[in-house]
Amino acid sequence: MGNLETITQKIREKAKSLLESGQAEVVIGYRAGTIPLVAAPFFARSAADCDQLVWSSFARLNLANYLPNRTEKVALVAKGCDARSAVGQVVENQFPKENLYLLGVPCSGLVDPAQVAAKEPRPIQRATESDDAITISGQGFSVDIKKAEVLRRNCRTCAHRTPTVANELTGPEAPAAKPDDFEDLKTLLAKTPAERLNHFKDLIKDCLRCYACRNACPLCYCPVCFVDETRPQWLGKSTDPMDTMTFHLLRGLHCAGRCTACGACETACPVNIKVREFNRVLDKTVQENWAYEPGLAWEQKPPLTVFQPNDPADFIK
Amino acid sequence: MSEFEPKVVAFFCNWCTYGAADLAGVSRLDYPPNFRVVRLPCTGRLNPKFIMEAFKRGADGVWVSGCHPGDCHYIAGNYHARRKFVLLHSLLETIGVEPNRLRFSWISSAEANKFQAMARDVIESVRACGPNLTFRKANLQLDLAEVA
Amino acid sequence: MPEYLVKESSLASFFQALTQGRRLLAPQGQGDNCHLEVSTGPVSLDYANTHLSPKAVFFPQTEKLLAFHKLADKPKPHQYQDLGDKAEPTVIFGIRPCDAKGLSISNKVFQNDRFTDPYWKGKYEKTLKIGLACLSPSPQCFCAAMGGSPFGEVGLDVLAYPKDKGLGLRTLSPAGEELIESTSAEKADLASEIQDLAKKAIEAQGPLDAYQAIDASKLMDLYQAKHWANTAEPCLGCGVCTFFCPTCHCFDLQDEANDLGGVRMRNWDTCMSQLFTAHGSGHNPRPSKVERVRQRFMHKLKYIPIKQDGVRGCTGCGRCVVMCPANIDIRSVAATMAQASA
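Chains as they are written, first to last, in my numbering: chain A, 3 to 319; chain B, 142 to 289; chain C, 289 to 630.
Hints were generated in silico from the structure; no laboratory data involved.
You may find that some hints are simply not true.
Claimed, not checked - Just a few of them, taken from the derived set where beta-carbon distance is under 10 Å, the chain C residues facing chain A:
#1 V345
#2 Q349
#3 E521
#4 Q542
#5 A566
Where is the CB? At the ideal position from N, CA and C, for every residue including glycine.
Can you make the complete structure from the sequences, with help from the hints?
Structure representation (structure tokens):
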């Protein structure tokens, strides 16, 4: 039995026992998707439901997103980034710690369908996976692709694939990847302001302002988002490029020091915008200035809630 | 065509820089008239969307100024603001806002001379950047040919 | 209506003739990158469907409706000026039958015996629509289950299909007939071939189920069904489904103004957003995503059929199935609705 099946088995068993013992009223995990290369969020409330739970490398959303405002006791099937986001929700008082059971999944990185499509443009009817490869098939073809070649960008530089905080792990720790060195951003910063502006304008030129990136993000739980404010209305509703840019900038700023690089935003984006570019700029700033990584411990204080009298800020004259 | 006169939106803390502007005035220290002041209770009140709104509406520059660290009327408002500014500054600089369009300073209410010098410096550096064409909102540039 | 044949050797002159006095829009690119773009020559027939539906041609995401200016020295200051009909004669080649049917459904919303929307009307009536039938539907396609067909003719002026590296054509309207007569296409008898190909393509889509049960169910049984909370639970509330849907047509009117003047525009809106139904009083008749998700599926599968003589508001293009980040699949939802109301 491969590692994925073992994890799936473990999740089902544990989910059943948690529901039975009353430790959890709902287990939030994944079921197999109705289309290839997708796993769908699933809410298991009975033993029968639990048999639908699966673990796969298509589990790209961040399930911590479903925690805020929930009054039930929740067991969360959490890969490294989900667990960190869930810890963040607790730290930010969005979910009570005593209602949360983290069923941690050591993750070996998730598959990016856009990269699969780049390798195999023919319509895919079926996708199966083993521990290191996926097999995709369609009319008259069947192709194996190594997962390592089609991992999402954020998974390639994930330093916390195994949940750092969890009530229980479903398998042995996954080896961490080499952390993001921000090399591309450093190269970008060496360019002129006009070139940088063009880079970011080009990045968001297809944006439909559907806000899927915001809605998929476990950090976005404001009762009224700034884009929906009407008195005053800060953001125009049209496709004006500056309004779109403002949305992305402010979304990025709201996530600064809180983003766990889960990539749910990019997964949700229907036009494949690398929306995490904005977050990465800020991740880099947060790490350089305050050496902070969110969601690693219950006691952490988010960097924008604290300060040091001698915080560096040379640009303020 | 007349020489470009920059428009700068200035966000000043009520307890310090706003006072410094007053003191500069009563001290007869002359400074350029190119900025419109928005008075804040504290720089901690500054929401990044205010800055974006200023640029979107065509401001050529934005100047944020508050109390020196340690001098906050509300004890820690500007310490928190300083962390926000670090993020804002880094993000806007990375996406291509010229550094001179967005300026930050700490000026106490006694520092009328610093205020005068900073005001001149801010306006001259924004002047050097030229008009804000890239961060202005396109829809508000009415196409009058379309209308008439 | 008669059928025509365009041989491989005369494809170039065929497309050349289409552009005479009109702009030609055709799908360019592949996969997520396939969009309707202005084209001048032979177009690729090798695409599944455009990434976005063609509704944006008639109903752009942002459309200026009115404008005014405050400059006393220019004509007509302080008066709203209509920015309405600026449509140019257009021919779209390569609309899939599901999308053409979607346009015809929206057309009844924008033009009916009670209202006529001049902005939609101008563009819709100045555009000739040449469909491209699907010989082998994509895995997410289910047009046949929704009462359509990979060779569907609704909403089209001409239906084309790839034939021997050239095209087979069937004209469906007098305007379409006139257009094809102006090209090098030759008359041919393709009726039986079209029938065979259509049958094969429908069979490739698998069984038709569930939807008839919804048609037969009572409105309130569907509305009050218990499953909606579960159906909506994974929904992120993003509205991707509505932005990509060929029949979603809801919009929001916005005014933007400055010292010089202002414009009124309409933008795509989405019933998945809480703001969509928020009242000025603060009351919201669809306060949570449960009501919003129910609205979307009820609108597609029950309300539109009631208003449009049984034609379902979903055409089975499969875009929402592929795009939904949470994999809320309208096919599964329909099955659940059918079951719950049985």
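Comparing the hints with the structure gives:
no.: 1; hint: V345; in the structure: 15 Å, violated
no.: 2; hint: Q349; in the structure: 5 Å, holds
no.: 3; hint: E521; in the structure: 5 Å, holds
no.: 4; hint: Q542; in the structure: 5 Å, holds
no.: 5; hint: A566; in the structure: 8 Å, holds
Hint compliance for this structure: hint 1 is the single one not met.
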